[in-house]
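Protein chains: 2
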Amino acid sequence: MSRFLSKNYEKLVPYTPGEQVNVKVIKLNTNESPFPPSPKVKEVLSEEVIDKLNLYSDPELKELRSAIAEQFGVTPDMVFCGNGSDDVLAFAIMGFCGAGGKLCCPEISYGFYPVYADIFGVELEQIPLKDDFSIDANNYIGKNKNIVIANPNAPTGLTLTFDEVEKIVASNPDNLVIMDEAYMAFCGESCMELVKKYDNLLVTRTFSKSHSLAGLRVGFGIGSKEIIDDLNKLKYSFNPYNLNTLSIKAAAAAIADNEYYDDKIAKIVVTREKTISQLRESGFVCTDSKANFIFASSNKITACDLAAELRKKGILVRYFNKAKIDNYLRITVGTDEEMQTLINAIKEITEA
Amino acid sequence: MSRFLSKNYEKLVPYTPGEQVNVKVIKLNTNESPFPPSPKVKEVLSEEVIDKLNLYSDPELKELRSAIAEQFGVTPDMVFCGNGSDDVLAFAIMGFCGAGGKLCCPEISYGFYPVYADIFGVELEQIPLKDDFSIDANNYIGKNKNIVIANPNAPTGLTLTFDEVEKIVASNPDNLVIMDEAYMAFCGESCMELVKKYDNLLVTRTFSKSHSLAGLRVGFGIGSKEIIDDLNKLKYSFNPYNLNTLSIKAAAAAIADNEYYDDKIAKIVVTREKTISQLRESGFVCTDSKANFIFASSNKITACDLAAELRKKGILVRYFNKAKIDNYLRITVGTDEEMQTLINAIKEITEA
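Protein sequence lines correspond, in order, to chains G and P. Numbers 482 to 833, taken from my numbering, label the letters of the first sequence in order. Numbers 482 to 833, taken from my numbering, label the letters of the second sequence in order.
For the record, the hints were derived by calculation from the structure and aren't laboratory data. Honestly, I wouldn't trust all of these hints.
Capping the alpha-carbon separation at 30 Å, the derived lysine-lysine pairs in DSSO-like fashion look like this [what the hints assert, rightly or not]:
#, chain 1, residue 1, chain 2, residue 2
1, P, K793, G, K533
2, G, K755, P, K533
3, P, K543, G, K488
4, G, K533, P, K677
5, P, K505, G, K488
6, G, K492, P, K677
7, P, K714, G, K492
8, G, K803, P, K505
9, G, K533, P, K748
10, G, K543, P, K677
11, P, K781, G, K714
12, G, K488, P, K648
13, G, K543, P, K748
Predicted model only: the values in this text are computed from it and were never measured.
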């Protein structure tokens with residue numbers, strides 16, 4: 482630490498992203514899609530577009546916000562775009578919960594929520610899950626605090642129903658409810674249409690998982706015009722040109738290509754279900770994940786050891802050294818071939 | 482405003498970026514380069530790279546930090562990269578001056594500094610310029626506050642000498658001095674080598690001006706390893722993957738192509754000097770700008786009227802409705818042809 486850092490940040494513990502590697506491995510540790518982005522992305526990143534990079538990107542992001550709005554049947558002024566959905570979550574927690582505000586989230590969830598609470602001085606309550614790792618919606622009814630919930634939740638993949646989400650939103654009218662739908666495309670029940678009915682709901686999404694664009698860094702939030710105006714006020718006070726021209730064009734092209742992504746998402750869901758069955762047959766306990774990852778625990782080997790053994794075989798999975806989930810692995814759903822290699826590797830390890 | 486925004490941000494007045502337009506105009510209002518980026522940028526943004534966007538970008542930005550470090554003769558751990566230099570400045574002011582810290586800057590300077598102070602709760606002192614718009618270095622000697630100075634300054638284009646900067650840095654050993662060198666490539670005296678001698682100096686740069694990549698959103702700061710570690714701590718608590726893969730690769734390729742950019746920068750400097758001479762011959766007062774813009778005031782027409790008249794002719798320049806500079810225009814240096822069109826338009830307007 483330098484001598485100059487504010488005392489507020491002395492004890493800040495940053496988020497630890499999953500490992501990024503260059504060597505040839507089967508990478509099932511950071512919930513990326515195993516498929517390349519839509520071919521439309523290559524088309525729009527033309528030489529003409531690159532030659533115009535001397536000009537600033539559009540700070541209003543009109544092209545992208547319109548494309549997103551069209552997909553979800555809302556108006557562009559209900560869409561806020563960020564440099565990844567982390568950027569959207571950061572602005573939302575800074576703006577609506579910052580400096581002494583109150584926020585609650587599930588105790589086991591996206592590891593970034595407590596980090597945001599820490600950096601922005603938010604009083605965070607982490608609410609335990611049920612024993613089966615599911616979220617008890619009743620814990621959030623009439624909570625009278627701001628709420629952030631990942632749905633499907635990470636790393637469990639478990640979901641709240643549409644009705645449960647509506648009860649949470651409706652019963653906390655004076656607080657903001659952030660539903661983080663990063664993994665929603667893989668067949669949960671989205672609450673997106675509730676943004677038209679409730680002014681205290683912000684639904685966030687990302688291009689990183691379902692749209693094969695983790696390396697592009699684009700996420701978005703949809704909510705009432707007033708909430709989006711507030712987020713833009715913060716953005717224009719922090720980094721007005723927060724998306725570059727290539728991200729804007731590529732993401733706008735991607736989100737319009739439903740045919741391509743519907744096919745890829747369907748493949749991932751089929752592979753997920755097949756892999757969960759195989760793991761259960763091999764003595765694993767798996768949650769009913771509705772995300773592009775599997776949350777699994779073996780009855781033959783500890784999660785920590787299994788992750789280490791898989792790593793020796795060139796397969797990366799995510800192990801969290803954290804109470805209550807330290808005997809589970811989060812395994813991204815790759816291609817059918819990759820998952821078969823994983824299953825074979827696990828058999829070799831557990832039968833050795 | 483929504484009902485949910487923290488009281489802290491109720492009165493926040495965001496930064497106003499220069500207008501971005503789609504129609505065909507001569508755009509001399511946001512200090513973009515008139516030249517396309519290096520051809521090397523197109524080469525590295527290959528189809529193979531785009532097809533791999535399903536994978537996360539490198540949060541450590543190793544490729545880009547190494548390329549920048551090599552250019553400036555420092556080690557990569559002395560380089561922090563941001564999503565534009567606004568991102569670097571935001572993290573620096575948040576981390577080193579935030580929550581009650583003290584900061585000073587020139588009264589006439591980059592309009593974002595007071596916005597950062599506002600959003601991060603910093604006590605800001607804005608120090609007047611001399612009557613000729615130059616910065617009096619003596620005002621910053623032994624100041625005992627954090628300091629941010631744009632060198633060359635904006636919108637004046639005037640510079641501090643290397644010796645003046647060193648005196649400021651050396652006389653404030655217990656405070657951070659941020660030298661914002663966004664426009665330094667256009668022939669000022671950089672203080673970059675002082676980062677090896679002083680641990681309280683952070684020098685920021687951008688790819689937006691000299692490197693024709695405003696639309697790519699890449700900036701960086703160079704300072705002691707401890708300062709860079711602190712900035713990374715904040716980044717990993719806010720948005721770990723803050724640059725996308727395309728930005729990393731394109732910026733790394735660009736900064737290595739000295740031959741291309743030296744030529745373009747030299748052209749801009751020649752055009753700047755020629756245009757300043759022509760304006761002075763036409764009765765304008767111009768500062769001795771060392772940036773890629775001209776700061777000019779006519780004795781025949783108010784700046785506000787001139788900007789409006791130029792706009793009618795399809796030429797955009799930047800007018801600041803702000804005390805002390807409201808009779809000056811900031812005019813980006815475009816190509817020789819664009820500047821000749823500007824000069825001709827000004828003659829038509831002022832002789833009409």
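Going through the numbered hints above, which ones does this structure break? Give me the numbers in ascending order. Of the numbered hints given earlier, those the structure breaks are 4, 5, 8, 10, 11 and 13, listed in rising order.
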